[in-house]
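Q: These protein sequence lines are chains A and B, in that order.
Under the numbering used here, the first residue of the first sequence carries the number 1, and numbering increases by one thereafter.
Under the numbering used here, the first residue of the second sequence carries the number 1, and numbering increases by one thereafter.
Incorrect hints may appear among the rest.
[Said to hold, decoys possible] The calculated lysine to aspartate or glutamate pairs, modelled on DMTMM-like cross-linking and capped at a C-alpha distance of 25 Å, are: (1) A:Lys14 / B:Glu87; (2) A:Lys14 / B:Glu123; (3) A:Lys403 / B:Glu123; (4) A:Lys59 / A:Glu88; (5) B:Lys138 / A:Glu83; (6) A:Lys9 / B:Glu123.
[Said to hold, decoys possible] Part of the chain A face toward chain B, derived, beta carbon under 8 Å: (7) Ser6; (8) Arg13; (9) Lys14; (10) Ala17; (11) Lys19; (12) Gln21; (13) Lys59; (14) Gln244; (15) Gly245; (16) Ile246; (17) Arg249; (18) Leu250; (19) Ser253; (20) Pro254; (21) Gly255; (22) Ser410.
If you are wondering where the hints come from, they were derived from the structure by calculation, not from laboratory data.
Since we're looking at a predicted model, the values are computed, not measured.
Glycine residues also receive a C-beta, built at the ideal position from the N, C-alpha and C atoms.
Listed below, chain by chain, are the residues.
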Amino acid sequence: MKFALSVAKLSLRKLFAEKWQLLMFLTIPMLIGGLFFLITGSGGNAKPIGKLLVTDNDKSTLSKLLIGGFNQGPLAEMFILKEATSVEAQSLMDDGDASVWLEIEEGFSEKFLNKQPTKIKLVKNPGQNILPQIAETAVGVLTDGGHYIQVLFADELRQFNDLLNGKDVSDAQMAMMSIQIKKAIESIEKQLIPPQIKAVKVKEEKQTTNKSSFMLHMFPGILFMSLLFAAQGLALEFWKDKSQGISSRLLSSPGGLVQYLNGKLLAGIVVFALIAVVIGLLGLFILKLSLSKIVIIIGWLMLSGLVLTNMMLFLCLLMPSEKSASIITSAMVFPLLMLGGSFFPFETMPKWMVAIGQYLPNGYLLQSFNQWLVKDNPLSALTVPALIAMAMIVLFWFLNRIKLPGFARS
Amino acid sequence: MIEVRGLSKIYGSFQAVNNVNFVAKAGEIFGLLGPNGAGKSTTINCISGLISPTDGSVLINGHNITTDSVKAKQSLGLVPQELALYEDLSAYENLVFWGSAYGLSGNQLQERIQQVLNEVGLETRQKDAVNQFSGGMKRRLNFACAVLHKPAALLLDEPTVGIDPQSREHLMQAILKLKEQGTAVIYTTHYMEEAERLCDNLAIIDKGEIIATGTVDALRSQLGERDLITFQGQFQNPESSELESLGAEILEQSENEIRLLISDAPKNLSSVMKSIESQHGKISNVNLAQANLESLFIKLTGRALRDAA
Chain A
1 MKFALSVAKL SLRKLFAEKW QLLMFLTIPM LIGGLFFLIT GSGGNAKPIG KLLVTDNDKS
61 TLSKLLIGGF NQGPLAEMFI LKEATSVEAQ SLMDDGDASV WLEIEEGFSE KFLNKQPTKI
121 KLVKNPGQNI LPQIAETAVG VLTDGGHYIQ VLFADELRQF NDLLNGKDVS DAQMAMMSIQ
181 IKKAIESIEK QLIPPQIKAV KVKEEKQTTN KSSFMLHMFP GILFMSLLFA AQGLALEFWK
241 DKSQGISSRL LSSPGGLVQY LNGKLLAGIV VFALIAVVIG LLGLFILKLS LSKIVIIIGW
301 LMLSGLVLTN MMLFLCLLMP SEKSASIITS AMVFPLLMLG GSFFPFETMP KWMVAIGQYL
361 PNGYLLQSFN QWLVKDNPLS ALTVPALIAM AMIVLFWFLN RIKLPGFARS
Chain B
1 MIEVRGLSKI YGSFQAVNNV NFVAKAGEIF GLLGPNGAGK STTINCISGL ISPTDGSVLI
61 NGHNITTDSV KAKQSLGLVP QELALYEDLS AYENLVFWGS AYGLSGNQLQ ERIQQVLNEV
121 GLETRQKDAV NQFSGGMKRR LNFACAVLHK PAALLLDEPT VGIDPQSREH LMQAILKLKE
181 QGTAVIYTTH YMEEAERLCD NLAIIDKGEI IATGTVDALR SQLGERDLIT FQGQFQNPES
241 SELESLGAEI LEQSENEIRL LISDAPKNLS SVMKSIESQH GKISNVNLAQ ANLESLFIKL
301 TGRALRDAA
């Protein structure tokens, strides 16, 4: 054990002597995270903003009400509305200058009030993912809402429309309309004001906190990006030691390669903890994470780092030279980062990519971590992933232990 | 004590070491002399546990290196042919690393570090990074790392390759001191001068087999009281019968060189030269020397030590 501690101490001493390597583990992921931060705005609540083209061929009160839906609440923060003719809108979409194009056909209002089928055309920019999806969902919600209003208040709405369009409505008709609306509301009151509606309010409150911010989604990815870089660096250290004759000479010492391996992993744990502390402090100040969460983040990163280092090391030990080990691990790191949710949060990735990424070691550990940190699941949600991580550590530690003597001799 | 019994190592179809036997006693320096590729390093690697022998056994202070490896390795120090040092760490830090690999710690480790640094003359450079050292200084530090734990048996695999005379002398003195302290030393080299100076017993190894063994004097006696004469020049199809009639034993002959052993060389040199020039060609250079271990190696293998590989 003393030798393992000595190996750990010297490994850390070497690592701190190579300041650029240590800085690389920390700065590159933070740089990437910082760039995303700047791209998406300067605050933690920044949202992507897109251009919504509207071609209103109906120009009725109802069509204006539908378009107005995009001018209210969170949608208003996401979209800049621009009215355009069909030709203009088509041209802008072809140039990729807008996220979505919404076209309302002529006679929309009339058909809607007469319970006839009507058409709303939505054209999405294929080069964008999130905003067109949001717009499609919003239009879906608005048309669904419209359908229910149509079922409940079709006659009243027609009268109301006539009133707004300047047709004469008598006082009696107005009184009748008011009474009918009141009765209709009373008849559906039991369904409209059940206790469940209060739960919806709670959900709205949550959405206004900064937990849903883009930076919070990026934060675990940045941590895991650092981990992967560090794991690669630590695994390649074994090749550096081999090229200096250290590992083969250790075969003739009683301290041996097992303690050497343990010492190197021990040094790795310290490095992972350091990464978690440095980046975690940013989380503490920027994302207002609690101190208790930072402690759990440190623990999870130490565990995840050990998994990734052992796996990277196994890969390195299989390689015939230091150069090939370096090439193969570098070639693996970037796809792992891309698919494993470090460059782009899983929430913004295509489904097929998520399907692959969630089964990659870093992707699995990151997604499990996200369930707790971002999606606010209880800490117990990390129990099974932690057990799987520990099993992976034991498995790959044994494989590395078996492989190391042959590696040292070769 | 180091006992090597019936040691063999086969790589695929290549027999690197074949049935090697010898004993290095406490307070003795045992030399393994042979050209590059003769099997010296493979033998050392088997003894130190770096590789497993195909057959045979190695005992270090009575502990089998294969079956009782931890105890055997505790008694063993290894100075590998290739440097095994952290270049970016200081000499002191390297010694801490290797000392702890052999179970040293605390004050004992600190005391031993200062002792070995004094022995190899690096005490003033202990805080300097190894990558600032000369080749000779690195070799000395490589040696120091192996003797920190006062091993009962020490293996030195060509420890003086490519070093300056000052560092060579430091190492020689340190090795002789270990011998005085009772360490059993196995020393491999292809420098016969080193072997003759240091070794009490020697084994000459070629193509994985020991071809001669004994003390330096005993091995020399195999050559008799004869001198080694080397002729250089242009020679054609040299016939040996006339030279042999003059009492010469031809060790090696080629178009450019003839080496032979002969008694009382000063007296017989002129007749030998006449014989060569009349029958074989023109002599451009003559070298006369006392027969040594290299002569024996040439006699046994028909090749010189330094070009045998």
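Q: Please go over all the hints and tell whether each is borne out by the structure.
A: The hints, checked one at a time:
Between A:Lys14 and B:Glu87, the direct Cα distance comes to roughly 10 Å. Compliance with the 25 Å bound is thereby established for this hinted pair. Proposed proximity of A:Lys14 and B:Glu123 is supported: the alpha carbons are some 22 Å apart, at most 25 Å. Between A:Lys403 and B:Glu123 the alpha-carbon distance is near 38 Å, which puts this suggested pair outside the 25 Å criterion. A distance of roughly 17 Å separates the Cα atoms of A:Lys59 and A:Glu88; the hinted pair therefore holds under the 25 Å criterion.
In summary, the hint linking B:Lys138 to A:Glu83 is not supported, as the alpha carbons are separated by about 78 Å, beyond the 25 Å threshold. For the given pair, A:Lys9 sits about 23 Å from B:Glu123 by alpha-carbon distance, which is consistent with the 25 Å threshold. The restraint placing A:Ser6 at the interface with chain B holds, with a minimum CB-CB distance near 4 Å, inside the 8 Å limit. Interface hint status for A:Arg13: upheld, as the beta-carbon distance to the closest one in chain B is roughly 7 Å, under 8 Å.
Among the interface hints, the one on A:Lys14 holds; its C-beta lies about 6 Å from the nearest C-beta in chain B, closer than the 8 Å criterion. Taking 8 Å as the C-beta contact cut-off toward chain B, the hint placing A:Ala17 at the interface holds, the least distance being around 6 Å. For A:Lys19, the suggested interface contact is broken, since its CB lies about 12 Å from the closest CB of chain B, more than 8 Å. Restraint check, A:Gln21 versus chain B: the minimum CB separation of about 12 Å is more than 8 Å; hint violated.
Residue-level restraint check for A:Lys59 is violated (minimum Cβ-Cβ distance to chain B is 76 Å; threshold 8 Å). Hint status for A:Gln244: holds, given a least beta-carbon distance of 6 Å to chain B, under 8 Å. For A:Gly245, the shortest C-beta to C-beta distance to chain B is roughly 3 Å, which falls under 8 Å, so the interface hint holds. Taking 8 Å as the C-beta contact cut-off toward chain B, the hint placing A:Ile246 at the interface holds, the least distance being around 6 Å.
The beta carbon of A:Arg249 comes within 4 Å of a beta carbon in chain B, closer than 8 Å, and the hint placing it at the interface holds. Hint status for A:Leu250: holds, given a least beta-carbon distance of 6 Å to chain B, under 8 Å. The criterion of a C-beta within 8 Å of any C-beta in chain B is met by A:Ser253, whose closest approach is roughly 4 Å, and the hint holds. Hint on A:Pro254 holds. Least Cβ distance to chain B is approximately 4 Å, under the 8 Å limit.
Because the smallest distance between the Cβ of A:Gly255 and any Cβ of chain B comes to about 4 Å, under 8 Å, the interface hint for this residue holds. About 11 Å separates the beta-carbon of A:Ser410 from the nearest beta-carbon of chain B, more than 8 Å, and the hint is not met.
Against the hints set out earlier in the document, violations occur for numbers 3, 5, 11, 12, 13, 22.
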